[in-house]
Amino acid sequence: MSWMKDTFELTGSFLSAFKVTWKNLWRKPVTISYPDQKRVLSERQRATFALLTDPKTGEEKCTGCYICQNICPALVIKMEKEIINERGYAKTFYLDLSGCIFCELCVQCCPQDAIVMVRHWEIAEIKKENLVLDKKRLMENQKYPFSTIIGSKIREMQAVPKPPTASS
Amino acid sequence: MNTLFYSLVLLAGILLVVAYLTWLERKFAGRMQSRIGPQRVGKPWGLLQPIADGAKLLVKEDIIPQATDKTAYNLAPIVVILATTLVFVTIPLGKSVVLVDLNVGVLFILAISSLALIGIFMAGWGSANKYAILSAMRGVNQLISYEIPLVLACLVPVILAGSMKLSSIVLAQSKVWFIFYPFLGQIAFLIFLVSALAEANRIPFDITEAESELIAGYTVEYSGMKFAFLWLAEYIHLLAVSLVGSILFLGGWNGPWLPSGLWLALKTLLLFLLILWIRWSLVRIRLDQILALSWKVLFPLSLATLILAGGWSFIF
Amino acid sequence: MNLIAEQIETYKSIIETEGDTLLVNMGPQHPSTHGVLRLVLKLKGEEVVKIEPVIGYLHRGFEKLSENLTYIQIVPLTDRMDYLASITNELAYVLTIEKALKIEVPKKAIYLRVLTAELQRIVSHLVWLGTFGLDLGGALGGGSTLFLYCFREREIILDLFEEFSGARMMYNFNQIGGLRYQPPLDFFSKLKATLPKLKQAFAEYEEMLQENYVFKVRTKNIGVLEVSLAQRMGASGPVLRGSGLAYDIRKAYPYSGYENFEFEIPIGENGDCFDRAKVRILEMKQSLRIIQQALKGMPEGEVAIRPPVRVPTAVKVPAGETYMHIEAPRGDLGVFLVSDGTEKPYRLKWRAPSFSNLAVLPFISNGHKVADVMAILGSLDPVFGEVDR
Chain A
0 MSWMKDTFEL TGSFLSAFKV TWKNLWRKPV TISYPDQKRV LSERQRATFA
50 LLTDPKTGEE KCTGCYICQN ICPALVIKME KEIINERGYA KTFYLDLSGC
100 IFCELCVQCC PQDAIVMVRH WEIAEIKKEN LVLDKKRLME NQKYPFSTII
150 GSKIREMQAV PKPPTASS
Chain B
0 MNTLFYSLVL LAGILLVVAY LTWLERKFAG RMQSRIGPQR VGKPWGLLQP
50 IADGAKLLVK EDIIPQATDK TAYNLAPIVV ILATTLVFVT IPLGKSVVLV
100 DLNVGVLFIL AISSLALIGI FMAGWGSANK YAILSAMRGV NQLISYEIPL
150 VLACLVPVIL AGSMKLSSIV LAQSKVWFIF YPFLGQIAFL IFLVSALAEA
200 NRIPFDITEA ESELIAGYTV EYSGMKFAFL WLAEYIHLLA VSLVGSILFL
250 GGWNGPWLPS GLWLALKTLL LFLLILWIRW SLVRIRLDQI LALSWKVLFP
300 LSLATLILAG GWSFIF
Chain C
0 MNLIAEQIET YKSIIETEGD TLLVNMGPQH PSTHGVLRLV LKLKGEEVVK
50 IEPVIGYLHR GFEKLSENLT YIQIVPLTDR MDYLASITNE LAYVLTIEKA
100 LKIEVPKKAI YLRVLTAELQ RIVSHLVWLG TFGLDLGGAL GGGSTLFLYC
150 FREREIILDL FEEFSGARMM YNFNQIGGLR YQPPLDFFSK LKATLPKLKQ
200 AFAEYEEMLQ ENYVFKVRTK NIGVLEVSLA QRMGASGPVL RGSGLAYDIR
250 KAYPYSGYEN FEFEIPIGEN GDCFDRAKVR ILEMKQSLRI IQQALKGMPE
300 GEVAIRPPVR VPTAVKVPAG ETYMHIEAPR GDLGVFLVSD GTEKPYRLKW
350 RAPSFSNLAV LPFISNGHKV ADVMAILGSL DPVFGEVDR
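Residue numbers (numbering that gives the first Met the number 0), protein chains in the order written: chain A, 0 to 167; chain B, 0 to 315; chain C, 0 to 388.
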């Protein structure tokens with residue numbers, strides 16, 4: 000009569016599975032209907048990049064030091080340097096988002112805090128060449144909110160955290 | 000003339016109801032899985048989704064692979080959908096709402112619905128695809144083994160009512176529904192449900208589709224409207240199963256207060272939801288286990304139920 | 000006429016020698032090969048006579064690429080190997096370099112590493128459980144229900160990771176000598192609020208799968224792996240433990256402060272798919288235990304012994320050989336480093352657990368049905384980013 004036992008066990012297990020799905024039937028869906036609602040992004044979100052200008056003087060921060068180009072593991076940054084008035088500038092700056100692995104090493108290395116990641120992730124393009132960001136588009140990306148991780152800040156972020164009032 | 004009009008209305012009605020049953024299934028499954036389900040096409044609750052699906056499948060390119068057996072390949076969807084739709088000829092949809100109330104209604108339904116098996120095998124063979132042929136072989140195995148318990152389970156109401164006519168069966172249940180007959184009714188209903196699930200290729204018996212190993216089984220090479228036919232046939236079959244189940248065991252249109260058609264619709268819907276609930280909560284069983292379940296458990300059990308039913312009708 | 004007779008003769012001889020078999024080429028594009036595995040199946044009816052896995056469709060030359068990158072640049076690339084458990088890959092690599100450099104990391108970094116590694120183990124096992132449900136139950140049915148439940152819970156943990164590191168899958172979050180940054184201020188409180196949810200979810204999965212008769216029927220006595228075979232093939236992790244050998248590197252060769260934590264090593268009995276599944280589900284619970292301990296004992300202080308590097312060539316490893324292995328969610332993840340004293344490794348060899356676990360497949364799936372092959376493959380849980388590297 001083993002099949003009788005099997006049959007009873009079968010029915011019982013069906014019921015236990017039904018119980019779980021029944022419970023979940025009345026839960027609120029976790030779906031975020033994307034274009035209507037959007038997720039709250041974390042403050043350290045890594046999405047696309049921006050090159051910064053100094054808010055006081057209005058000058059570009061980037062000095063064309065090639066460090067980000069050298070550290071990039073995916074080799075997506077290409078730049079050329081020019082010197083005007085004894086200060087380096089990036090004459091051209093290309094960042095190929097289609098090959099970028101979003102590892103944040105360029106941000107970590109930048110001695111001038113010139114390159115940062117911004118919290119704007121809707122960067123899909125129809126044409127692949129549009130994913131290559133040139134200097135102009137990187138400068139335009141400044142309008143988006145920055146990620147809180149900025150080259151010189153990482154050192155602070157490794158230290159003992161301060162109470163929230165001190166760090167703003 | 001009247002018959003022609005009725006059959007056209009019936010056909011259109013079936014297609015519409017089936018289309019919205021797919022919508023219901025998607026919505027139900029969505030909520031069960033903490034999702035929302037269709038919501039974009041047709042703003043409140045995605046109500047136009049089935050129509051969008053149909054339009055998409057209609058305009059899709061019909062790809063016929065080169066190596067296929069053209070006759071079998073092209074004929075299979077028609078055979079399948081014909082076999083499943085013909086069943087509705089004799090199913091009453093309410094008090095005296097029926098195309099032909101055949102004397103041998105139950106027999107007709109069982110005979111015609113098992114014809115779909117031929118269509119499935121044609122699809123599997125004609126596709127010239129290894130996955131498809133494996134799936135077709137599985138399908139034949141499974142459908143033949145589950146035909147017997149299904150027939151035996153359907154015979155229980157027939158014996159109790161003393162007629163194969165569906166309307167007489169419903170009439171016989173006007174006092175007590177067959178499912179409320181102690182032991183007899185419940186076991187027969189359970190056997191009916193399990194074997195009907197197997198006949199309709201639904202989880203946990205959907206080994207013919209089995210997308211985890213056979214991708215999509217016998218439908219793998221179909222596209223466009225032919226695929227839609229095979230897919231619709233599955234749902235029409237389900238609708239037929241729910242209808243027949245509620246007529247044979249749940250008392251058909253018998254019920255207080257509400258009009259007869261509404262009662263039948265309500266019972267059918269409940270049965271359909273039960274099948275959906277089963278589908279979205281269980282995993283698939285293997286082929287040999289399915290066959291073992293049929294021959295070792297359901298077959299003897301249904302024979303015993305049949306004898307019990309005979310005794311019951313003899314005594315009372 | 001003669002030609003046809005000849006053909007019939009050849010077919011007859013084939014049938015006599017090989018039997019009436021059907022050759023099915025599953026993959027590399029197939030819904031349940033977990034990526035890009037190709038399986039050459041020889042079937043006799045529904046029964047599998049022979050099975051031959053073909054790998055290499057996701058080969059990206061990771062090891063060779065590492066020889067041309069500096070030690071710092073390799074860290075984000077390790078995320079891409081076992082992409083379901085990125086942090087453990089980073090951890091293995093970073094620990095290797097730290098062992099070669101003989102540096103000690105601060106205590107808070109150690110605790111955070113353990114915490115994140117265990118969270119990652121839960122994430123990885125959740126993905127496994129979901130896809131195992133898909134393998135058994137199909138994409139349209141109970142399998143997908145379980146899959147979506149698992150991903151719902153995984154999402155909660157990924158959100159936490161996102162708050163911590165800014166990325167959801169490829170974190171680049173360990174650095175040589177510690178962590179790249181402190182967790183956000185509300186990280187621990189959020190994590191604490193998450194744990195009961197996870198516990199409840201695990202109970203639900205068990206109800207839905209583990210105690211389920213259909214699940215038992217599909218997995219018991221399927222793909223039985225003997226301990227001796229598992230050891231010979233170098234299987235590790237839940238695959239080995241499912242066969243009944245309590246070998247866990249966290250206990251056998253403790254690293255990164257695992258000796259300070261209390262946990263058990265769940266083992267199976269028969270080494271079938273059911274046992275492997277059971278071991279993984281129990282392991283998730285043990286991971287929760289470790290996380291609770293780590294939260295309780297979380298020290299204050301710095302998380303790195305050195306500031307983040309600013310130049311690519313900042314780290315130079317003295318010449319020599321180093322081997323370090325850790326318990327990744329899939330098993331024994333080893334890194335063998337040969338350095339020649341420059342800023343780039345001379346050779347970096349990875350011992351990927353998925354690769355050794357997958358090697359077991361042809362030995363344990365003969366004689367089973369086609370549907371069982373998927374169950375066995377699912378229970379081995381290979382990730383092809385790691386198998387092919």
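These are computed hints drawn from the structure, not numbers from a lab. Beta carbons are placed, not taken as given, at the ideal position from N, Cα and C, and that holds for glycine. A portion of the hints provided could be inaccurate.
[To be verified] Pulled from the structure, derived: some chain A residues nowhere near chain B, Cβ distances all over 10 Å:
hint	residue
1	G11
2	F13
3	A16
4	F17
5	V19
6	W21
7	R26
8	K27
9	V29
10	T62
11	E79
12	N84
13	T91
14	P110
15	K135
16	R136
[Said to hold, decoys possible] A few chain B residues facing chain A, derived, Cβ under 10 Å:
hint	residue
17	R34
18	R39
19	V40
20	L57
21	V282
[As the list claims (entries may be wrong)] List time: in silico DSSO-like cross-link candidates among lysine-lysine, alpha-carbon distance up to 30 Å:
hint	chain 1	residue 1	chain 2	residue 2
22	A	K4	B	K295
23	C	K198	A	K22
24	C	K343	A	K37
25	A	K22	B	K42
26	B	K94	B	K164
27	C	K284	A	K18
28	C	K196	A	K37
29	A	K22	A	K77
30	C	K215	B	K129
31	A	K18	B	K129
32	C	K284	B	K69
33	C	K315	A	K77
34	A	K80	C	K98
35	C	K98	A	K22
Hint check results:
1. G11: holds, 13 Å
2. F13: violated, 7 Å
3. A16: Given that some Cβ of chain B is not farther than 10 Å from that of A/A16, nearest at about 4 Å, it is violated.
4. F17: violated, 5 Å
5. V19: It is violated; A/V19 is separated from chain B by about 7 Å at its closest Cβ, not greater than 10 Å.
6. W21: The claim is violated: A/W21 sits with its nearest Cβ about 8 Å from chain B, within 10 Å.
7. R26: About 6 Å separates A/R26 from the closest Cβ of chain B, which leaves it inside 10 Å; violated.
8. K27: At about 8 Å from chain B, A/K27 fails to clear the 10 Å cut-off, so the statement is violated.
9. V29: violated, 5 Å
10. T62: holds, 49 Å
11. E79: holds, 47 Å
12. N84: holds, 56 Å
13. T91: holds, 43 Å
14. P110: Per Cβ check, A/P110 is outside 10 Å of chain B; nearest 47 Å; holds.
15. K135: Given a closest Cβ separation of 36 Å, the condition holds.
16. R136: Non-interface label on A/R136 holds, nearest chain B Cβ at 32 Å vs cutoff 10 Å.
17. R34: It holds, given that the least Cβ distance between B/R34 and chain A is near 5 Å, below 10 Å.
18. R39: OK, holds: B/R39 within 10 Å of chain A, min 9 Å.
19. V40: B/V40 check fails; min Cβ-Cβ to chain A is 14 Å, beyond 10 Å.
20. L57: Hint violated; B/L57 Cβ to chain A Cβ min 28 Å, cut 10 Å.
21. V282: This hint holds: B/V282 lies near chain A, its Cβ roughly 9 Å from the closest one there, short of 10 Å.
22. A/K4 with B/K295: holds, 13 Å
23. C/K198 with A/K22: Status holds; Cα separation ~16 Å.
24. C/K343 with A/K37: Given pair C/K343, A/K37 is violated - Cα atoms ~43 Å apart, limit 30 Å.
25. A/K22 with B/K42: Answer holds: A/K22 to B/K42 is near 27 Å, not above 30 Å.
26. B/K94 with B/K164: holds, 13 Å
27. C/K284 with A/K18: Given that 30 Å is the threshold and the Cα spacing comes to 22 Å, the pair holds.
28. C/K196 with A/K37: Distance ~23 Å between C/K196 and A/K37 Cα, so the pair holds.
29. A/K22 with A/K77: violated, 55 Å
30. C/K215 with B/K129: Roughly 29 Å between the alpha carbons, so the hint for C/K215 and B/K129 holds.
31. A/K18 with B/K129: violated, 38 Å
32. C/K284 with B/K69: violated, 55 Å
33. C/K315 with A/K77: Since the Cα atoms of C/K315 and A/K77 sit roughly 26 Å apart, the hinted pair holds (cutoff 30 Å).
34. A/K80 with C/K98: violated, 39 Å
35. C/K98 with A/K22: This hinted pair is violated, its Cα atoms lying about 50 Å apart.
In the structure shown, a violation is registered for the earlier hints numbered 2, 3, 4, 5, 6, 7, 8, 9, 19, 20, 24, 29, 31, 32, 34, 35, in ascending order.
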